[in-house]
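Number of protein chains: 2
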Amino acid sequence: MKRIYSLDLKKHNKENVLVKGHIFQKRMMGKVNFIILRDRDGLIQIVLKDAKEILKVQDLMDESVIEVKGICVYDDRSLNKAEIHEPKITIISKVTEPLKIEINKPEIHANIDTILDNRPIVLRAPKERAIFKIQATMAQAYREYAISENATEIFPPTIVGSATEGGSELFKFKYYGKDAYLSQSAQLYKQIMVGVFEKVFAIAHSYRAEKYGTSRHTSEFIQYEFEMGFIDSYLDIISFCINAIRYIKTKVEKDNAKELEILQKKLPLIPKDIPILKLKDAQEIIFKNTKIDKRSENDLSPEDEKTISKIILKKYKSDLVVITHYPISKRPFYTMPDKDDPDNTLSFDFILRGEEIATGGQRINDYKQLIESIKKKGMNPNDFVDFLEIFKYGMPEEGGFGMGFERLTQQFLGLSNVREATLFPRDVKRISP
Amino acid sequence: MKRIYSLDLKKHNKENVLVKGHIFQKRMMGKVNFIILRDRDGLIQIVLKDAKEILKVQDLMDESVIEVKGICVYDDRSLNKAEIHEPKITIISKVTEPLKIEINKPEIHANIDTILDNRPIVLRAPKERAIFKIQATMAQAYREYAISENATEIFPPTIVGSATEGGSELFKFKYYGKDAYLSQSAQLYKQIMVGVFEKVFAIAHSYRAEKYGTSRHTSEFIQYEFEMGFIDSYLDIISFCINAIRYIKTKVEKDNAKELEILQKKLPLIPKDIPILKLKDAQEIIFKNTKIDKRSENDLSPEDEKTISKIILKKYKSDLVVITHYPISKRPFYTMPDKDDPDNTLSFDFILRGEEIATGGQRINDYKQLIESIKKKGMNPNDFVDFLEIFKYGMPEEGGFGMGFERLTQQFLGLSNVREATLFPRDVKRISP
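Chains Z and B supply the protein sequences, listed in that same order. Heads up: the first sequence begins at 114 in the numbering used here, then just goes up one per residue. Heads up: the second sequence begins at 114 in the numbering used here, then just goes up one per residue.
Careful, some of the hints might be misleading.
Intra- or inter-copy, both count: the list cannot distinguish identical chains.
Result set (DMTMM-like, lysine to aspartate or glutamate): computed pairs, CA atoms no more than 20 Å apart in a straight line [claimed, not checked]:
no., residue 1, residue 2
1, Lys364, Glu262
2, Lys291, Asp189
3, Lys246, Glu257
4, Lys379, Asp292
5, Lys207, Asp479
Source of the hints: derived by calculation from the structure; they are not laboratory data. Keep in mind that this is a model prediction, so the values were computed, not measured.
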């Protein structure tokens with residue numbers, strides 16, 4: 114007998130069917146009893162009357178795995194519009210210890226640490242399943258969009274011999290006697306590959322030994338990477354990124370209606386025209402609207418990002434705003450300065466619902482200019498030999514971005530901590546499971 | 114003026130066009146001279162007659178980046194069936210040092226070390242571009258197939274707190290004062306996620322501190338991961354894997370005809386019926402055909418894998434053969450023994466063109482049986498606490514495989530070293546670029 118999944122059950126009215134899954138809930142109320150079974154696609158109600166069958170499951174704990182043969186009965190009011198009558202139950206796998214956390218309630222009432230300590234079980238809860246189903250769709254959508262734009266997927270290494278970004282937040286280890294690091298970003302490899310395929314993308318791991326446990330940072334995270342040569346300006350990169358986000362939203366709406374309903378979340382507003390503001394103009398707008406004067410700062414604080422987002426949402430009905438022209442001092446050495454505004458760069462941050470989700474810009478593509486830029490930052494070009502090498506061999510004008518995979522999920526679904534959008538988060542406190 | 118790419122050029126006969134790219138080759142022969150330009154899609158021939166234009170490019174080294182405005186002239190005999198006449202050239206980026214390796218010949222005549230030392234430039238050569246274009250298609254195809262089979266994509270972590278496989282080939286490092294490791298495989302995470310989504314897949318990094326520099330091993334590699342619950346038998350997993358390989362082949366044939374022509378390679382033969390042999394039977398066949406007696410061995414040597422492949426190819430016109438029932442002693446503790454043949458396991462290797470490319474099987478899904486299995490291997494269950502935890506909470510019969518992403522590319526394209534199919538290989542000698 115072929116197994117039927119919950120979503121298809123309603124097509125099998127009055128047929129003998131076989132269903133399998135985990136016990137999501139038991140409702141043992143005396144004469145009539147119910148088991149709610151969870152399978153790949155959703156929930157199935159089993160109606161239990163036979164004393165022998167009731168006895169079988171009486172002591173079974175939630176999450177035990179069973180298979181059930183019975184008669185499918187169409188019922189408009191039931192879960193997935195059908196239920197199973199006259200079940201014959203076979204136990205496949207018994208739960209041997211009580212769950213440390215209840216996962217069959219609409220909300221899990223536990224703090225984030227307890228949730229993460231019990232991650233393998235918590236992930237079975239409906240809301241967690243919905244989050245990571247949507248995240249899978251988002252990854253698929255990002256790749257679909259990039260491929261439709263003729264970008265080629267690349268698979269950069271994560272073990273590297275030297276730092277590409279500078280800074281101290283590096284995980285270092287011994288690699289056959291030499292010093293090695295976990296990659297801070299795919300920057301070098303993306304740029305090398307611009308010389309090969311012109312337009313490339315990756316979904317790649319990055320590592321930062323972040324010392325603080327903020328709700329926005331983890332030590333291992335994934336980035337949607339993109340890099341493109343022969344650009345006319347940095348606006349080409351911004352345009353790709355906006356369109357990618359819009360494509361991702363459209364695909365999630367189409368493929369994940371059920372999950373969005375479980376989460377009771379609305380996706381961000383991404384209107385036709387997305388405001389693109391220079392940092393200075395954003396600070397001016399913040400000042401005009403709130404009388405808080407940050408106009409002499411050389412960056413936006415996390416708080417400023419929330420403020421500008423609120424103003425933009427109100428005025429333009431957009432949850433997304435792009436800030437450009439961050440000063441040279443706040444950007445990596447490879448960032449291209451703006452010829453018409455030479456203290457500032459052709460760089461950008463994407464702010465979605467008040468949080469930075471992507472950062473990028475045009476890169477310096479000239480070898481000598483890169484050397485100068487490294488020196489101006491007080492760094493030694495000899496520390497960047499691997500990085501610099503490729504710029505001796507012909508590089509077009511180019512740029513790209515890195516967008517936080519987990520952060521985008523977080524902001525799409527209005528989650529309060531990026532760990533909720535990370536399958537198995539790694540941070541100062543956490544390295545397992 | 115909008116840029117035209119090489120493949121579209123032929124549609125623009127007699128039009129003024131703009132093309133951009135790297136100088137792949139110059140043929141300066143006196144009166145009539147040619148530049149072969151390389152762009153994203155292929156090569157373009159530029160016919161140079163004007164002395165002023167010739168002077169501009171006279172000293173330009175190969176790989177310099179230029180843009181060219183000129184008249185497109187359809188010509189059946191020319192590269193991509195069109196060439197550019199009366200060009201006006203603008204130099205975008207000059208190469209400042211001669212290339213250490215010639216990349217504009219049909220073959221790169223250098224040993225693998227020289228090739229890898231110059232990887233960023235070598236990747237621009239036509240054959241290398243073709244390999245990684247095909248690899249990108251293969252990744253896309255694997256995901257398409259898995260999604261069509263209702264598997265959900267997952268993104269397992271690469272930093273882990275304990276080993277899942279046992280063994281000593283671990284990269285260890287300090288993680289905020291604690292010991293951490295680079296993940297040997299996504300095994301634990303795939304199995305956890307079977308409890309969540311039933312059927313999951315990933316394209317995930319694995320790390321092994323391999324001490325020997327064989328042509329089949331690197332220290333960082335990628336695996337097509339798959340895991341599936343509620344299986345009827347290990348044959349369900351084998352069937353998924355065969356179908357995935359067949360799907361990948363079909364997509365590469367469809368999308369990469371041009372690249373296959375550049376490489377002059379034929380993809381492996383994957384007939385309708387793929388031979389599936391028990392290890393013992395494979396040894397028997399080797400003995401019958403070669404008189405070499407390995408029937409008392411408990412594994413196939415790399416040489417045996419080549420031998421059985423040749424025999425199978427000859428007899429069944431298949432480049433793929435599946436070997437099952439490896440003994441318990443040769444498989445990880447979580448491998449399910451065969452009830453009817455209790456010294457051997459419901460495990461398999463996929464041998465493609467003489468090389469192992471995938472390994473998998475049914476897993477033990479019972480907590481107590483897992484503990485017993487760990488003890489029988491002389492290991493301590495306390496070392497596998499993270500791994501074991503999930504089996505207390507209900508796990509269906511399940512199994513899966515890991516298939517080498519680079520090895521599959523290598524065997525698809527008949528490459529002699531897995532490094533040729535690895536974008537930036539990492540091994541005992543190599544950690545950069």
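Hints versus structure:
Taking the shortest Cα distances, Lys364 and Glu262 sit within 20 Å of each other both inside one copy (16 Å) and across copies (19 Å). For the identical chains of this complex, Lys291 and Asp189 are neighbours neither inside a copy (66 Å) nor across copies (55 Å), given an alpha-carbon limit of 20 Å. Taking the shortest alpha-carbon separations for Lys246 and Glu257, both the intra-copy value of 17 Å and the inter-copy value of 16 Å come in at or below 20 Å. Taking the shortest alpha-carbon separations for Lys379 and Asp292, neither the intra-copy value of 47 Å nor the inter-copy value of 41 Å comes in at or below 20 Å.
In the homo-oligomer, the alpha carbons of Lys207 and Asp479 lie at most 20 Å apart only across protomers (9 Å), although the nearest pairing inside one protomer, at 64 Å, exceeds that limit.
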